[in-house]
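Undergrad: Protein sequence lines correspond, in order, to chains A and B.
Numbering of the first sequence is given in this note's numbering, commencing with residue 1 and proceeding in unit increments.
Numbering of the second sequence is given in this note's numbering, commencing with residue 1 and proceeding in unit increments.
Simulated from the structure, these hints should not be mistaken for laboratory data.
Certain hints may be false.
Using C-beta positions, here's what the derived DEER-type ranges look like [to be verified]:
id: 1; chain 1: B; residue 1: Ile28; chain 2: A; residue 2: Leu83; range: 33 to 41 Å
id: 2; chain 1: A; residue 1: Glu54; chain 2: B; residue 2: Gln14; range: 47 to 55 Å
id: 3; chain 1: B; residue 1: Gln3; chain 2: A; residue 2: Gly52; range: 41 to 49 Å
id: 4; chain 1: A; residue 1: Ser79; chain 2: B; residue 2: Lys109; range: 40 to 48 Å
Partial chain A-side listing against chain B, Cβ under 10 Å, derived [to be verified]:
id: 5; residue: Val4
id: 6; residue: Ser38
id: 7; residue: Gly52
id: 8; residue: Gly58
id: 9; residue: Phe64
id: 10; residue: Phe69
id: 11; residue: Leu83
id: 12; residue: Gly84
id: 13; residue: Ser86
id: 14; residue: Thr105
id: 15; residue: Glu106
id: 16; residue: Ala107
id: 17; residue: Phe109
id: 18; residue: Gln111
id: 19; residue: Gly112
id: 20; residue: Val118
Source: prediction; values computed, not measured.
Note that beta-carbon positions come from the ideal geometry of N, C-alpha and C, so glycine has one too.
Given next are the chains, with one letter for each unit.
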Amino acid sequence: DSGVTQTPKHLITATGQRVTLRCSPRSGDLSVYWYQQSLDQGLQFLIHYYNGEERAKGNILERFSAQQFPDLHSELNLSSLELGDSALYFCASSTPGQGDYRMNTEAFFGQGTRLTVV
Amino acid sequence: GQQLNQSPQSMFIQEGEDVSMNCTSSSIFNTWLWYKQDPGEGPVLLIALYKAGELTSNGRLTAQFGITRKDSFLNISASIPSDVGIYFCAGPHAGNMLTFGGGTRLMVKP
C-alpha cells in the first residue's frame, strides 16, 4: 500500500459528461501529480500541484482541470468527455517537506481510476 | 520534450533466469527511478538512483545509473512468477515532473 488513495476505482460514463476523480496523498506529502495511462501512450504527465498551487502542466487538455485543497487532497475534473479519454488516471504524491531533495523526486502512486467513456 | 527509450519492449523468460533491461535518453538525468506495475495497479517504486555510476540493490533487483547520465539498467536475478509485470524507468525534469519510458513487459514461464 503506497498510502495514496484514489476514488473511485472504476467509472463508466457517457460521452459529453463530466466526472471528478479524487486523490488523497500520503500523509505529509505536499505534492500531488496526475498522470494518464492509455494503452498506446504509456504514462503521460498531466499536472502537478504543490501545497495548493499549480506548479507544472503537461499535455493536459483544456477540458481537464485540477485543484488541490487546503487539506492537500486533489481532484481532477474531466468534462465534455470523449471516447478517447478512456484511460487509467493515476495520482502520485511526493515531498514530505523535510528538506531532503531526494524525497522530492520519489513519487508514490495510487491504484488509479479506470475511466471508461461509452 | 524529453523521451526515455526502454528496451526490450517485452521479454518472455523461464523461471530462474536472470533479466536485464535498460533505459536511454538523449538528455542527461540527475535521478533515475525504476517502477514496476502489476495489471490494474499503480506503479510501485523499486529503486531510486541519484549519482552517476551508482549501483543499488533491492533484493533480487539491481539497478545502475549510467556514467554518461543518459542511461540506466535494471537487472533481476533468478526470476520468479511474481516478477511478471511492466517495468518502467522514469526521470524527473522541469522540477519534479516525471518522464516515463514506454516500459518493458516481463512474462515468466514457470
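Undergrad: So, for every hint listed, does it hold in this structure?
TA: Hints versus structure:
{"no.": "1", "hint": "B:Ile28 x A:Leu83: 33 to 41 Å", "in the structure": "holds (39 Å)"}
{"no.": "2", "hint": "A:Glu54 x B:Gln14: 47 to 55 Å", "in the structure": "holds (48 Å)"}
{"no.": "3", "hint": "B:Gln3 x A:Gly52: 41 to 49 Å", "in the structure": "violated (31 Å)"}
{"no.": "4", "hint": "A:Ser79 x B:Lys109: 40 to 48 Å", "in the structure": "holds (45 Å)"}
{"no.": "5", "hint": "Val4", "in the structure": "holds (8 Å)"}
{"no.": "6", "hint": "Ser38", "in the structure": "violated (12 Å)"}
{"no.": "7", "hint": "Gly52", "in the structure": "violated (16 Å)"}
{"no.": "8", "hint": "Gly58", "in the structure": "holds (7 Å)"}
{"no.": "9", "hint": "Phe64", "in the structure": "violated (16 Å)"}
{"no.": "10", "hint": "Phe69", "in the structure": "violated (20 Å)"}
{"no.": "11", "hint": "Leu83", "in the structure": "violated (21 Å)"}
{"no.": "12", "hint": "Gly84", "in the structure": "violated (19 Å)"}
{"no.": "13", "hint": "Ser86", "in the structure": "violated (15 Å)"}
{"no.": "14", "hint": "Thr105", "in the structure": "holds (5 Å)"}
{"no.": "15", "hint": "Glu106", "in the structure": "holds (5 Å)"}
{"no.": "16", "hint": "Ala107", "in the structure": "holds (6 Å)"}
{"no.": "17", "hint": "Phe109", "in the structure": "holds (4 Å)"}
{"no.": "18", "hint": "Gln111", "in the structure": "holds (5 Å)"}
{"no.": "19", "hint": "Gly112", "in the structure": "holds (5 Å)"}
{"no.": "20", "hint": "Val118", "in the structure": "violated (19 Å)"}
Comparing the model with each numbered hint stated earlier shows that hints 3, 6, 7, 9, 10, 11, 12, 13 and 20 do not hold.
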